[in-house]
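**Student:** Please dock the two separately framed chains into a single complex, following the hints provided.
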Amino acid sequence: MLRVENLHVRRGGKEVLAGIDLQLLPGQVLGVLGPNGAGKSSLLGVLSGELAAHQGRVLLDEQEMAQWPGAERAQRLAVLPQASSLDFAFRVEEVVALGRLPHQSGRLRDAQIVDAALEAADVAHLRGRSYLALSGGERQRVHLARVLAQLWPGQAGHHLLLDEPTSALDPLHQHVTLQAIRAFADRGAAVLIILHDLNLAARYCDRVLLLEGGHPHSLGVPAEVLRPEPLKAVFGLEVLVQKHPERGHPLIIAR
Amino acid sequence: MNRLVKPRTLFLGLGALCVLAIWLSLALGPVSLPLIDTLRAALRLLGAPIDGQGLEQAELILGQIRLPRTLLGLAVGGVLALSGVAMQGLFRNPLADPGLVGVSSGAALGAAIAIVGGSMFGAVPEAIAPYLLSLCAFLGGLGVTALVYRLGRRNGQTHVATMLLAGIALTALASSTVGLFTYLADDATLRTLTFWNLGSLNGASYQRLWPLLLVTVLVALWLPRRAKALNALLLGESEARHLGIDVEGLKRELVFCTALGVGAAVAAAGMIGFVGLVVPHLVRLLSGPDHRTLRPASILAGASLLLLADLVARLALAPAELPIGIVTAFIGAPFFLYLLLRGRA
Numbered sequence: 001m002l003r004v005e006n007l008h009v010r011r012g013g014k015e016v017l018a019g020i021d022l023q024l025l026p027g028q029v030l031g032v033l034g035p036n037g038a039g040k041s042s043l044l045g046v047l048s049g050e051l052a053a054h055q056g057r058v059l060l061d062e063q064e065m066a067q068w069p070g071a072e073r074a075q076r077l078a079v080l081p082q083a084s085s086l087d088f089a090f091r092v093e094e095v096v097a098l099g100r101l102p103h104q105s106g107r108l109r110d111a112q113i114v115d116a117a118l119e120a121a122d123v124a125h126l127r128g129r130s131y132l133a134l135s136g137g138e139r140q141r142v143h144l145a146r147v148l149a150q151l152w153p154g155q156a157g158h159h160l161l162l163d164e165p166t167s168a169l170d171p172l173h174q175h176v177t178l179q180a181i182r183a184f185a186d187r188g189a190a191v192l193i194i195l196h197d198l199n200l201a202a203r204y205c206d207r208v209l210l211l212e213g214g215h216p217h218s219l220g221v222p223a224e225v226l227r228p229e230p231l232k233a234v235f236g237l238e239v240l241v242q243k244h245p246e247r248g249h250p251l252i253i254a255r
Numbered sequence: 001m002n003r004l005v006k007p008r009t010l011f012l013g014l015g016a017l018c019v020l021a022i023w024l025s026l027a028l029g030p031v032s033l034p035l036i037d038t039l040r041a042a043l044r045l046l047g048a049p050i051d052g053q054g055l056e057q058a059e060l061i062l063g064q065i066r067l068p069r070t071l072l073g074l075a076v077g078g079v080l081a082l083s084g085v086a087m088q089g090l091f092r093n094p095l096a097d098p099g100l101v102g103v104s105s106g107a108a109l110g111a112a113i114a115i116v117g118g119s120m121f122g123a124v125p126e127a128i129a130p131y132l133l134s135l136c137a138f139l140g141g142l143g144v145t146a147l148v149y150r151l152g153r154r155n156g157q158t159h160v161a162t163m164l165l166a167g168i169a170l171t172a173l174a175s176s177t178v179g180l181f182t183y184l185a186d187d188a189t190l191r192t193l194t195f196w197n198l199g200s201l202n203g204a205s206y207q208r209l210w211p212l213l214l215v216t217v218l219v220a221l222w223l224p225r226r227a228k229a230l231n232a233l234l235l236g237e238s239e240a241r242h243l244g245i246d247v248e249g250l251k252r253e254l255v256f257c258t259a260l261g262v263g264a265a266v267a268a269a270g271m272i273g274f275v276g277l278v279v280p281h282l283v284r285l286l287s288g289p290d291h292r293t294l295r296p297a298s299i300l301a302g303a304s305l306l307l308l309a310d311l312v313a314r315l316a317l318a319p320a321e322l323p324i325g326i327v328t329a330f331i332g333a334p335f336f337l338y339l340l341l342r343g344r345a
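Line order of the protein sequences matches chains A and B.
Going left to right, the first sequence walks through residues 1 to 255 as our numbering numbers them.
Going left to right, the second sequence walks through residues 1 to 345 as our numbering numbers them.
Simulated from the structure, these hints should not be mistaken for lab results.
There could be a bad hint or two in this list.
Among chain B residues calculated to face chain A with C-beta under 8 Å, some are [to be verified]:
no., residue
1, L235
2, R241
3, P289
Just so we're clear, the structure is a prediction, and the values are computed from it rather than from any experiment.
Positions of the beta carbon are idealized from the N, C-alpha and C atoms, including for glycine.
Isolated chain B (complex conformation) (with noise of 0.2 Å):
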């Protein structure tokens, strides 16, 4: 397997394409606005002295909708990616997926309760209504996570073995009751429930961003500082500690950085598949599993794939708009298929 690009080509590639998803996820939808005017607003929004006149839609589209939607798409392709890493490197296996460890399906139910709950009780205050889905997926996801963490440990260590077959069995017992709770719904839930579990970038609102970008940037922060540590887990976890690493508390820090970061993204955007899986792959394909280049760019990747995905998302059927899970698993599923296949080739 020969590596195709150098990093440096790798950021230069990556950055070129973020910045191109961003400026077209800006600029696309039901109202496509010229990219002059995309450009020259979306400046003007971030404080540069440029002459406002003409710009009033652009920069309203821009401000109230589009913004706040790029920056959510960013930040979940970002962390999605990254926590596939993560998992990635903590199960030893270029096939493992943030899933695993039951994260995405605790948020799932920790969201259904929310939906279904709020509906049947329907006592709910408006004003705490979207923050109490959100809060319920995040501590859903966490919550899970933390079970399958605690069942995989004996002795003072974690068997990452015991971990995912407690992650699979904790999965479809939390789908079983999301399962249970899609019967007891009524229509409308029903139909919040679906879309919800479909995943999309749909009402993006500053308020729902911003605990993400926290979590995104605290996750993209602390990661990197391990990535040497990361390298070394690969070998093996009794080789990683004869080379001096701490692994169970390199465990530890991986499982809760993809359960606050996928828990988070989860929690705003809803099921999300394939982005966690397929892109430190691809970036691996590129330029090799070396941690220290795989990191950064697979949140580049991330962040691009899933804004491009959006962006399909909303023009495919437009006016109508696609779930975004539904693009990424079309995308992302025969990609999985075509890696198996050349894996075995």
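Excised from the complex, chain A in its bound form (with noise of 0.2 Å):
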């Protein structure tokens, strides 16, 4: 179990997280919503551990983030980051590989691991291709299926955390992969996703965290979330709320 309680951070002297608790649950998938510059990414940083919180705890399985061995810590907190610098031309699969570092299952489940993240990713098509000869939303999916491998096949006691996995996808791969996500916490691992795409978050997320300048504006189901009124307060955006035809979830409509 992740979570953090009464967390305050602060960057160059600007407390940019401030008053947070927050639990991630076995199985659900939790959207984090906000502006730019709302916080999104520095309660990832602080959750994955690369950023030290001023005030207040995170916890990972009870025990202090910054107390986990590497390694171990590594096979129960998978993290994506929003950009990635890779600049060496590593076979795709081979990039994919690298996410079974932290384990030590055997060579041949390790195959079969990664052979199957290159599928919940969708980029099997791509294996014996060049890194550097990917796309940039064919890159961002191959980051994707690492850290999917990494704690494939996703289960209770792990955790992934998302940072912006569908910025650079086409309309049909941000559902494809927001279902392998979805999947992933079906099979009981929590995650966290940042997210800018207020459809797909009521689509995909079981819990919805609005930030807004550092603090938490609302927690909750995305019906209750992303209604107007906290659209408005936060993001200024005026908007229509209707039912998902067939779905049932919220469509969220700019006015």
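**Tutor:** Now the structure itself:
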């Protein structure tokens, strides 16, 4: 279980997160939404142990984040950053296989997992290609496959933190990707995902956290949080919210 | 970018190249020996029961001159290439060079102090003079690298970009100090200094050889344990941390191994450029960036290429000898430009 209590974070003398209490639940996808600079990536940074909390605690399985030995933590927690700076000509499957580094599951099992993760992120057809020859969206999916492989197949006690995994993807692959992430959570993993697309959040998230200027504005199920008033307050955007005609989740339309 | 060869083919090819380079390096020189005699004499030196009739001259040349020189070439080439692998991994840039962290210029400074200082004060006993030069070069390289590493640290983290800039600044400082020594030097020391800066395997002796061999073996045994961690580091520092790698420890090891390896190589053979830059890059083009292949293949390729460059240095203007640093630069610089242009296309 990954959780933060009364979290305050400062960067460059400015408080970028204040008073955050949050718990990632097994089997659930938690979407984090908010305008640029609201503190979404800082929150992910603290949860992944990259940023130090100025006040408050970050606990992974009831133990302080900083006290986890690297490899053991990596067996429970995988992180997908917003952008990657890999500049070497690894093959696609080699990049994904890097996700198996924290494990000693053997060559055979690793190969099976790499195959499954490649399929899940819909990049199996890119096998054998050089990473450097891929488009931005393809690279993003390869890295998603890498973090999926790190925790494959996903179970209770596993945590997946994703920073805008769909930012470079075409509409079809936004859904393919989120379905893979959803399946991961359905097998028991706890997922936190930063999104900008309100409708993707409405469809795939169990809970949504709205951040505004480093403060939590609201936290709850999509139907509760993704309403015109909170969205107007946080984003300054006038919206209409209707029911999705087939699926019933909120459908958000800018006015 | 398609890979040209499988790891197994690469190792077979490089192994064959290395054996060929060793053989030629033992056989060719001012006095060229027949290849068969070279082989028989070399086997006799290794203790094989072969009739020594008519091999006395070959054995003498091999044992006293060519063998230590060849071993020196192998160790220098191998360790420079390996340090190149470490630095390109550390800076996550395929065009990084072991000189970036200041180790080469620091070693040059140490050597200049030893050469010019030794001639000015003249009180250095004959017996320790050759060791003094190597020791000063080694300590100079290690010292400047330690300073660069120190400058790159902030809040318990090493900033690779700051280290790079600190390396540039300290390299400039060390070079101008070497320039100052050059200005102060008399004609004889100036010549020594110049030749040392150009690098040479000439005058290799077992005494100069063994510290380098020791360091080379140490570094070559240490770094492979980190091949997978180096692969992860190529993703980025935070990505590597998320994969459970102790990134700070890894960076420390990489810098230390490079300082040790390049320091010892420069101390033994002077400044030899471009091997550390070009060899890992070349191997990567052939078989990809995986450090489990890249590292051992780079050792083999670096050792072979340095021996071949030394052959050119020995034979091009025979009986005179070119400094090997000139040969590697003549081969390395155009190749580097080719890589730059190719990358842009």
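**Student:** Next, verify each hint and record whether it holds.
**Tutor:** Tested hints:
no. : hint : in the structure
1   : L235 : holds, 5 Å
2   : R241 : holds, 7 Å
3   : P289 : holds, 4 Å
Checked against the numbered hints listed earlier, the structure breaks none of them; every hint is satisfied.
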